[in-house]
Every structure is written in C-alpha cells, then in structure tokens.
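> Spelled out, the chains give:
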Amino acid sequence: MIHSLFLINHSGDIFLEKHWKSVIGRSVCDYFFEAKEKAAEPEDVPPVLQTPHHYLISIYRDRLFFLSVIQTEAPPLFVIEFLHRVVETFQDYFGECSETVIKDNVVTVYELLEEMLDNGFPLATESNILKEMIRPPTILRTMVNTLTGTSNFEERLPSGQLSTIPWRRSGVKYTNNEAYFDVIEEIDAIVDKSGTTVCAEIQGVIEACVKLTGMPDLTLSFMNPRLLDDVSFHPCVRFKRWEAERVLSFIPPDGNFTLMSYHVNAQNLVAIPVYVKQNISFFESGSGGRLDLTAGPKQTMGKTVEGLVITVHMPKAVLSASLTATQGSYTYDPATKVLVWDIGRLNPQKLPNLRGSLSLQAGAPKPEDNPSINIALKIQQLAISGLKVNRLDMYGEKYKPFKGVKYVTKAGKFQRPACVAISHFST
Amino acid sequence: MYGCGFSAFRLEARGAMKAALVSAENLQLSLQPELSQEEQALTRARRCHDHKEAQGPGNDELKEMLESNKESLKLEAMKRIIGLIAKGKNASELFPAVVKNVANKNIELKKLVYVYLVRYAEEQQDLALLSISTFQRALKDPNQLIRASALRVLSSIRVPIIVPIMMLAIKESASDMSPYVRKTSAHAIQKLYSLDPEQREHLIEVIEKLLKDKSTLVAGSVVMAFEEVCPDRIDLIHKNYRKLCNLLVDVEEWGQVVIISMLTRYARTQFTSPWQEGVSFDENNEKAFYDSDSEEKRDETETKPYMMDPDHRLLLRNTKPLLQSRNTAVVMAVAQLYWHLAPTHEVSAVTKSLVRLLRSHREVQYVVLQNIATMSIQRKGMFEPYMKSFYVRSTDPTHIKTLKLEILTNLANEANISTILREFQTYVKSQDKAFAAATIQAIGRCATNISEVTDTCLNGLVLLLSNRDETVVAESVVVIKKLLQTQPTQHSEIIKHMAKLFDKITVAMARASILWLIGEYCERVPKIAPDVLRKMAKSFTSEEDIVKLQIVNLAAKLYLTNSKQTKLLTQYILNLGKYDQNYDIRDRTRFIRQLIVPNEKSGALSKYARRILLAPKPAPLLQSAFKDRDRYQLGTLSHSLNLKASGYQELSDWPAVAPDQSVRNVEVIEPQVNEWVPTVGKSKPAKSAKSEDKFYSDSEGEQVDRKGSKNSSSSSNDSSSSSSSSSSSSSSEGSGSEESDEETSDESPKSSSQSGEGSSESETDQKKEKNKKNTDSKAKSKAVNSESEENNNMVSSSSEDGSASSSSDSDSDTEQKKSSSRSKPKVHERPPKEVSLLDLDDVAPSAPTTPKASAYSPSLLSDLEGLSLSSVSSPMQVTVQPFGPVKSHELLHHMSGKGLSARYHFPRQPFLYQPSMVQLQITLTNASDQPLEGIHLGEHSPASLTLHRFSPVERLEPQASVTVSMGIDFNDSTQAANFQLCTKEAEFSVSIQPAVGELLLPASLTQADFEKEQGKLLGMNETSATITMAEGHCSSAVLNKQVRSMANLGEVITGHNNTHRFAGRTVSSGALVLVTVEKREAADATITVNTDKSVMASMLLRDLKQALASA
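Residue numbers (our numbering), protein chains in the order written: chain E, 1337 to 1763; chain A, 3 to 1113.
Chain E extracted, bound-state conformation (with noise of 0.2 Å):
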C-alpha cells in the first residue's frame, strides 16, 4: 500500500527517506515541490496529488510534509490517517516532532518506521506495543547507553502481539496507582458582525491519563450522557455497553490516551461567555483608521474569565498599529497582519479596552472588509456543556487507585467572537 516516505522539511529539503517495497528515486517529489510552489501557503498544497506513475499523499505537521508514495489504488484516508499516526507516534517518543529531533533520533526512527509498517500495510501502530519493542529515548539511557555501548532496544522480545488486547502491555506495576481524566472541551462558534450568534457547538474530548497496576477494568459514568450527541472512541472502550448502559466500560491503555471525543449538539443552549464590542473603520482619504475594541462579560456563571487573548486579522493595507491598552498588552505583526491584544483575567467592574489609531500603506485603497476577530480565554470552574462525570469504578485489581476527574474547555476554531473556558471538579 505505502510504498515510501519522504519527510520533508519547511524549505523543501528532503532529510529522510524510508521504502517498504523497491527504493522509489526522490525525483517523484519533484512533483510535490511544483504543487508547493504554486500554493500559497504550505497548508493549501493539495493533500493528495497525481504524477505519471505515482500518487503523492502527504499531510503537513509541525512545519514538516510527510509525502507518502503509492503505486496502487488505495483509501486516501487510510494513508493520511496512517501518517498522522506516524507523527503522533513521534511526539510521543522524543516529545515533539521536529526535523532536529529527528535527524537526532534517526536510527529510533528507522527502527519505528520499520515496526510500523511490513510492505506498505500497517503492522504495529499501537504505543503500548511499539514501546515494548523500542524504547523511547530519555536523557538517562542516553547516557547509560553511549557509556556502555548498550542500546534503546528491547533485549527481550515482548509478548504483547498476542494479548487480546494490543493497546495493553501486560506486566504494569506502579506504586502509585493514579488514573486523571482530562475532560477537555471546546466551544466553536461564529458570530457576526451585530452580535449574534451564527452557529456554536461544543466539542469535547475526554484525555485520559492512567497509570494502574495490572489489568484494571475501568467502568465510567456520567451524570448527563444525554449531552452527548455524537461520540467516537478509542478502541478500548466496549462499544455495547455504551449502546445498552451509557456508561464507558475498558482496560484501558497504559499512560496517556484520548478515551472518547463527543459533540454536545446544544446550539440554542451554548452561552458565549464573553463578548467584544469592535469598532475598527479606516477614513476615506485611506491614510489611516482607527481602532476600539472593548471586552465584557457575557454569561459566565458567576465564574472569572482567564487567558483572554483577542487576535485580530487585519486587512493587508494596515502597516502599524499605534494603540493603548486599559490591560494587557498587545503586539501587531506587520508581516502577517495580526494583532494580538493578551488581555488575561478580565475584570468585570473595569472592562479592558484597546484603542488608537491605525496607519495604512500610502496610496492604498480603503479596505472594505471588517477583521475578524478571534477570541481565546479560560474559565475555572465551568463546564461549558454540563457534562459531568459521575462515577468512576475499578474491576479486576483489589487496590484503591486515587481517581481524579479534570474539567477543562480549550478554544476551538472561532471566529469573531470565540471562546474558552476551563471548569474544575475533583472527585
């Protein structure tokens, strides 16, 4: 299926290549480079692309284009899907995914890239599995390793290919036994330019992290599974009784894993938590315009908001941004054209407010278009949704894990007004 692996750096340097099957020459990339070349920005390189007698699918992660080649008529997504496997897979080993780390890791690399794949079909892509096998790196080996001339490699063979359940390595001990559930979720909405809301929906995801000794069985519930719309799980979770209980029943993998994602279908019932009063308008001689953005709270429950970050798209015609700011500070990039304004806790009593003057190129027509506006922040103590989690119970081992339950809210994609907010709750 994957027939080989260019990864590819920012500037077009291919700095590692990997074949499955007979070595493709690197001269197929040519034709990667003439579709960059012709984008705008690297985001916008069309993600599968066609050459005489290859077909090019690459996905761009942290600066860097993973071009996989295929020969043969083959599901895009499952080549897309598999890379993004490959970078998390990265991330996870060296801690980020970046040409450095790589070229310093090449040999690990190599070793992962083979496990990962046998003639182009995906073999081991499991964490848990891959780690038995091959040992991530840490500085302590490192230097075990160079000082005795020994190796990250598993001396022994693992035995985990033929667990029932290949997330699971078997043989986990800790002394602490802990298991944190990170409910994450992320408010994506638009609002246009009068105040109203255009469409808002909640996403979540419930990011697990557990270090627990032996097989556990983990049983969660929640208060309010009706929330939740649409869900999709790790494969771990026992997908019947979700269906018969509402309740997630799984052994779950060892240390960190995305348990479920869920979509709260709640468009009416979504509160934005903040709101910004925008006035930017540029004169019509086209020298200048000015600029007055006030931020207030909207519905927040009694709760603060934190980490208030506006950021501005302006037109291109804008060349500075001279401004005072109430609270906060802001940056304006002239080569990108955005303005950031980090407000951070916003105080309700005394409403941050950024205002000034704004100086256009010369000879530069008005520009027509509105900014829009981007909006992150944080609020402690909420949950956007109301999704709680009831209880969490553990089958299989007779210790008392200490069981803690997180609720945070990120920014999603949001346009104009956006938002974020954290909620916190232990159990």
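Warning: the hint list may mix true and false statements.
With a straight-line Cα cutoff of 25 Å, these simulated DSS-like cross-link-like pairs (lysine-lysine) come out [unchecked claim]:
(1) E:K1372 x A:K435
(2) E:K1467 x A:K322
(3) A:K506 x E:K1652
(4) A:K1018 x E:K1509
(5) A:K889 x A:K1018
(6) E:K1372 x E:K1613
(7) A:K390 x A:K529
(8) A:K566 x A:K537
(9) A:K1107 x E:K1634
(10) E:K1634 x E:K1724
(11) A:K540 x A:K529
(12) A:K81 x E:K1357
(13) A:K502 x A:K431
(14) A:K81 x A:K91
(15) A:K91 x E:K1357
(16) A:K1081 x A:K1107
(17) E:K1372 x A:K540
(18) A:K431 x E:K1613
Counterexamples of contact, computed for chain A against chain E with all Cβ distances above 10 Å [stated by the list, open to error]:
(19) G85
(20) M309
(21) L460
(22) S640
(23) Q932
(24) S991
(25) I1029
Pair ranges (Cβ atoms, derived) [what the hints assert, rightly or not]:
(26) E:T1672 x A:Q651: 45 to 53 Å
(27) E:R1582 x A:P387: 18 to 26 Å
(28) E:Q1427 x A:A105: 30 to 38 Å
(29) E:R1582 x A:L645: 39 to 47 Å
(30) A:M897 x E:D1428: 51 to 59 Å
(31) E:R1582 x A:Q427: 41 to 49 Å
None of these hints come from the bench; they were simulated from the model. Each residue gets a CB set at the ideal place from its N, CA and C atoms; glycine is no exception.
Chain A: place on chain E using the hints.
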C-alpha cells in the same frame, strides 16, 4: 541532491558513483556529530576521532568497525549506516561487511542488519544469498517474534532466485500456531506475488487457507493479500463471509478498512438492490441502472416485494458500530459501505459520523469533504441539517474553503437559500481573492438552480460590479454573462450598466465577457453597442488578445445587424486585425471578413453569416464539479483524484437476481487437524482430536450468538492460545530435531511423526535419559546462567513444573493421575541428541529470552527442566508440601445451574501445563434426573485472562459427579475470573475469585537464605502489622497451621521458638513472598510480609491478620 543522481549513476558508471560516494561520505561524517547529539555531548573524545575520519575514506572506517570484535563498535557502525540510508545515500559498498553480521546475537544489531539487507539485497543478489540460511534457521525458532521477523526479511529481500524458498516459508508459516506469524505470512504473500506473479495459483491456495483463520490478527492482512493477488476470486469469500462480518469489530483498525471495502465489493455482486423503485434515491443512477434492465425485469421488481438477504443485513448491522471508531479511515469505509449498500432510508445513519470527521486534521477534512460533495449532489437531505458545519472559517486553507462552498451550493434549496446567500455575502469580502471568486461562481450556480432567487442573485452580482477588487468584478461579469444567457429577455438594463462600467474594468476576461454580451444582445441595446464598438476601435491595438477577438466578434455581429452605423468601423477593425501580431487574431479577422463581407469568392457561406454568428446559443450549464464523481466508489483514491487510479476495481452493479445464497452456508467445518494433531497427537491422540473438535464447534456456536461484543474476541484468541499451547511443541520439535534443521524442505508432518516415535521410544528408557540429560544440562546451564534475569524466572518456573510432575505421582486423586500421565511422556520425550542442539548460536539464547512462559508448551518447559534442575541454586526451589484440609467453594448451585452444580477448590499444586497458572479442581455434580451432556467451558472474561480449559465432559449421568482440573493464570491479582460453564443446552456464567493465599506456591528456603532474601526486600517491599493473637493460636503448631491454611506457603525451619518464617512464590511471576510472624510477650505478635508485589503484600497481611487474630 545526491539521491536523485544516484539511480542514474548506478546504471552508468560505478567509478563515478564511487567518487560521489566518497564525497557524500565525507559530508555525512562531518555532519555526524549533529546526527547524534546526546552522544556528542557525552563522548567528546570520539568526536575528535570522527573528525579524523572525515578526512579519510569513511567506508573503510565503517568496514573496520563492522569487522571488529566489539559489539558496540559494530552497533555504532550500523547506526551510522542506517543514518546514511535514511538520508538516501548509497551504502551498498558495505554490503559484504554488513551481511556477515546477520547471525549476530545482539537483537538490535540484527535488526539494523535486517533493515540494511532489505534495502540493498536487490542490488547485491549473490551476496544476499549468504544470509538466507540464517533466516531459514530463524524460521524454526521457538520464539514467534523471531520467526515472524525472519519471514519478514526473507520475503522482503526481493531476490528472484529465492522464490521457491519464500514459497515454502510462506506455506509453513501459514500454518504456524502463532497468529502473529500467520499475519506476517499473509503480508509475505503480497511480496512474493509482486516478485513473481507466476506463483499466483500457489499463493491463492495459501490465501484460501488463511481466510479460514479465526484470528482477528490475521483477518485484515489476509484480506489485503486477497485484494492484491486475486480480487476476482470472489468465490473464496463465500464461506468466510459470515465469519468476517462477525469478527469485524475486533479486527485491528487497519484491517477493518480493508475488509470493509472488500465486503462492499462482495455484497454488490451477491445481493440484490435494496433501493426500491419509486423511492427516489438518486435519479440518475437509478435510471441508468434500471434502463439497462429489460422491461420484464422492471415488472418483476415491482411485483416482488424486496426482501433483504439476512447476510446483507448482517453486514450492515456489524459495520455500524464502527462509525464510532477513532480511526477516520474506518469511519469513511463504513460510510461508503452504507452509501453503496444500504437501503435509502438507512444511509443517513452515517451523516453524523462524517460530519464529525470534519473536526479532524486538515487532510482528513479535505478527503471527507470531497466525498460529502459527491454525496450531497444526490442526497441533499442527508447533510442539510448539518449545513452550518460547512460554513467556511477564515482560517481554512483554500482547498477546504472551495470544497465547503461546493457543498453549500449543493445543499441550497428554496428554504435555505437566503441563509446561504447571506453567508456567501461575507465570503465575497474575503481577503482570499481566489475564494471570493469561487463564491461568486457559487452564487451564479444557486441563481440558475433556484429560479426564485435568480433576480436577487443577479442584482447582488451587479452590485459587485462596483467592487474595487478586480478579480471580484471580473468573476461577477463572467457569472452575470452566464446568467444572462439563461434568461436573455429582460436584462437589457444590466447590459447597459455593464457597458457603462466597461471603462473601469481592466481584467481581460471580464472585458471580453462584456463585449460578448453586448455583441450577443446588440439588438436589445441598439444605441450603446455601436458606441462601444467605436471606443474599442480606438483602443484595439492596446487590448489583450482575448479582448481583441471579442472586438472582432462584436464588430461582425454589429455589421450584420446594424451595418449602416458600423460598416466603416468594422472595416477599420478588420484592417487592424489583419496586421495583428497574433496569428489567431489574423485568422479570425480573415475568416470574419470572408463571412460577412460578400464577394465573389465567399460563395454560399456568407448567406448564412447571420445564422452562423447570431445563432441562439444554449445557456451554459452551471453544475457541480462533483457531478460525475459518483462513477467512482466513495472513499477511494480514484474518487479523490477524479480519475481512474491504477488498480481501481469497479463496483459492479447489483445483480438482477441474487446468486445462490447457500454458498455462504458454512458446513460442518472439517477441523484443520492435519496441522496440529500430529504434534498434539504424540502424547494423546484421541483426546486432543476431540478437544480440537470442540474448540471449533465452540467458536462456531459462539459466532452465531455474539453480535460483535468486545468481550467476545475471546473465541479467536482462545483458539489461538489453546492451539499455541499444543502446537508450540511442534515448533520446538522442529527447531530441535536435527533433520529438519539441516533440511529446510523437511515437511512438518514428517518431523512430527518422527518425534512421535521418539516419544514412545523415550517412554521406555526415560530413566536412562534423565540421568544423561542432567549431566548434559549441567554444561549447558552455565551458558544459560550467564543470560539475563528472565532466565532465572524461566528456570525457576520450569523447576516448579518439574517438581510438580514428580509430586503429582504421589497424589492419589484420579484426575491428577490422569493429567500427570498425560504430561509424563512429554516430559521425557526429547531424545538426548536434541538437547545438544541448544548449542546452536541462534537458537539457544532466544529461547530463554521470551518474557513469559505462556507461549511455552509443557513439553518445552520440560525440555528446559532438564537444564534447570541441576543448575538452579537450590534454596530457591519451590517445594510442594501438600496441605491437608482444603476449602471448597461453590461455583454453581444446582438450582441456578439447571441441575448442574459445581464446586471448586485449590489443590495447591503447580499446574502442569502452564506453571504460571493456578490449578483448580472443579467437581461437577449432576443433581437433576436427566443426564447432562457436553459440559465444557465457554467464553471467559476479562479477555486478557488465560486459562487452561478442562477437557469437556461428554456425559454426566444423574447424581454422578466428576472432578476436572483446570488452570487459570490470575496474573498475581485477585481479579475474579469469569467464564461460562456450558452444557449442551445452557450456559451459566460463573466466577472464581481466588484468595491471595492461593496465588502462591510454597518455596523451601534455609534460614540463612530467608534472611538474605528478606534483606533485599526492605523498605517499600515490606509491610508489617502488630496483632493480638486469639487464644489458642499461640502454640507453634497451631500458628503454622493457621498461616498455611490461609496461604499456600512453605515453612522455613528456624531455630527460634518465637519466630516463624514462611516462604513462597507467586504463581504467575514467581516473585518471592516472605512472611515472618514474631511472637512477643503475651499474645502480641508482629506479622511482616516481604515481597515486591506490594498489593499482594497488603492483601496477604490483611488475610493473615484475620486468620490469626480471630478465632
């Protein structure tokens, strides 16, 4: 920069390549410190060394390193070589030096050599052949992972000469007992096929065999091989269809994708269309489909009510849960399956999941949006409720924006058009001008499709004409032009407006469009048109070509309609055109002149000039770019690219009449005894054959029951685990017997029959051999001892086994005898010369490195027993001190068991078949007045649980009882083992929760050893409590009894009267558990538990406290 050139170099001149190589090498070596940063920081000395290297030829240095005796140097060299390969540099020169290391014992080095081999073997075929024998040997390794990786490399080196060897290896691995190896062999099938397509027929046989495999691990890979090698052999699927449907939920994600798309194709050939006529699903498709059928058939379908094939339903039902997968490819696969197979009203089940995918990565969005675009043309209703999900965000990349726009346009109808248009208005203002232009086109499409809004759209577009952005204006003009063509009658106002704007518009395409419009409708704007022409005549020379052509056009049309006013102008323009630099314009001018200006040469044509130039032109159709994409299966690469990708398989039309349904009926499956029986059969042929039968019928019955619940993956795993325990002996046999080692072509039945002989033979002179073995193994044990820690575990666990077998002789229990007699021949089956084979470099170290004993069969363990008995340091030995009173617990009451009652107890004996399992004896009693038949174990949970089933009880007469023994690997936890006790008629869920004390086996230690071990297990590994002992517990004997009845521990003889020590090991992991009870004054005592299993320690302490403190 080197890489591109290299392939060309290689073909032409080797010398040139070498030069390039050396320079590449130099470059690489100078980069070396950067390549491994940590190293650089730590070994500065070596870096200096590297710099020296940079001057010399690097390859020689690497060769030297590879040939050195130091593992670390070799490893370092291989790492650098991998670095070279990763950068696409040529390292083929080093092939001879690298290939020498293929048999190296160091696993990492080996792995890196494998990577190298796979990369360069094709270029160095002769040398590559040197490595083949190593892989052949490794194929017989007892460790499944080694076998699998050997097969992986062997099949990846793409040397045509080894095709027969590969073929043989694939065939053998396809019946390997390890599902992982079988999976690898399925992958190898494709590799061999691409290397030598001639082997197709043989490979199909292997595929056929693997398709029958029940393991979820294998299913995806074999279907992949099927798709690649013989996608046309749909007949192979029939018998496996239901099995695949049922397994689907438990298959790994990637396999799911492949299986679903294969089943989609399959279903389209085997079932009739669920799309009923009259329900308009997709008019075009429907029509095309039914039109191709004859008229009678149409009647037939109308008269006969549609009944969905149950197998068709099965597929739809079993794929639906996968819509909740986190893997976007799986969700897409299910979505396309529903789209192509499900009845119309059910397709919308996939909508929500598809919309969810839009929150994934950009690339995923791109592909999903493409598919939604195609779907939304045919089925607006499916996505209309989710319209807002397709609203464009300013941060989306252009291709995503365009796709969203496409979908929004597809979704537009009378009801929502106003909302959509409002949304479009904001898009037009976008700073992304390409997107703004696309929006204007979208507005144009909405205007033509929905007649109610045509005027509104047109007005809106006219307003855009005054937009300051050129591209927006130009696009608007072009779209207005198209719109006007559809309704030419009433829009002279707009044309006039555009004519006025003409001076301001600079974009050539827009100017040309306006000119065309004026020309086309010049009779509606009789005053303006000649004026425009007059202006154009002035600026003709400075216009762009496309505009010039339209000027000529306009002139010609005006000449025909209004020659009075424009004759001179036209002639002037035609003259200008005649001398234009562009030959297209010259040609056009010449042609027009001949056409419109009659002269003697032009002949009949000019009579028709008016009809030619002013013919009514059909309005251009504004339709979706995705209109014709539905000819490709959704979710495919071909669909994404909108062209047929190589290897694309058409989705066939539904058959008019369904093919025979009975082909999918699975008959009584003939057990694949031939693979396993010989190996199992040597000890107990009849019995094993029976159990084999059972597990098939078992899993078969279960397949029907279960509807893909997660837990039920057990069936396949059971089969694999039970088969692995039985057949791992075959592999050890294979690697063990000298004949098969030397001769790779040796077939397994042969070797096993040999070993069968050997076993019967060995039974007679076992004693002689045992002695011999012991002496033999002494020598060997030295080598084994030098291995890693795991060895010790292995050794001790196998010694457990050894003691078990000896103790079980003395036991009087009937069942016990049965089992011991079953195992006995295995213990001694191995002829002495086989032991010597362990000396083989490749075999010996790998066997003990397997982490868990679970993969080992009793026979293999007993093989090792020969090694360990003498070698292990004696204090560690686990002893068996049978303890008298055993508590028996109820497992199943006869009231709830419909007459079947079951009690169990822990006989506190090591389990013969798996030393890591706890032995259980279950007494089954038939309390009813009907005989009970076929009592056996059903599914168990948790899925991770490994257990050794008792052999089924065929028939239990009323009031009779029978005791069976089974083993459960509790994994050193007190988690309950749940399983089902099944009779022929019914299944009962039962559960066994062991007390922590039952998870131990006594160990005999001397006092000194005890103290030594205790010294190692201090701190966190020590738990203690002080209790007041109950009266009567104070005497040593009673205390001993109490402790040992609670926990299966061995007493350590001590000198003190007040201190009692007990030692044991946990069954699964063999961790040492030490208990000390120290009596103080009066009735006080301190209990101390030392073990690194802290959870067990606290539980054991609690139980001990209870046992001693209470009465």
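> Under the constraints set out in the numbered hints, which ones does this structure not fulfil?
Of the numbered hints, 2, 5, 6, 7, 9, 17, 19 and 22 do not hold.
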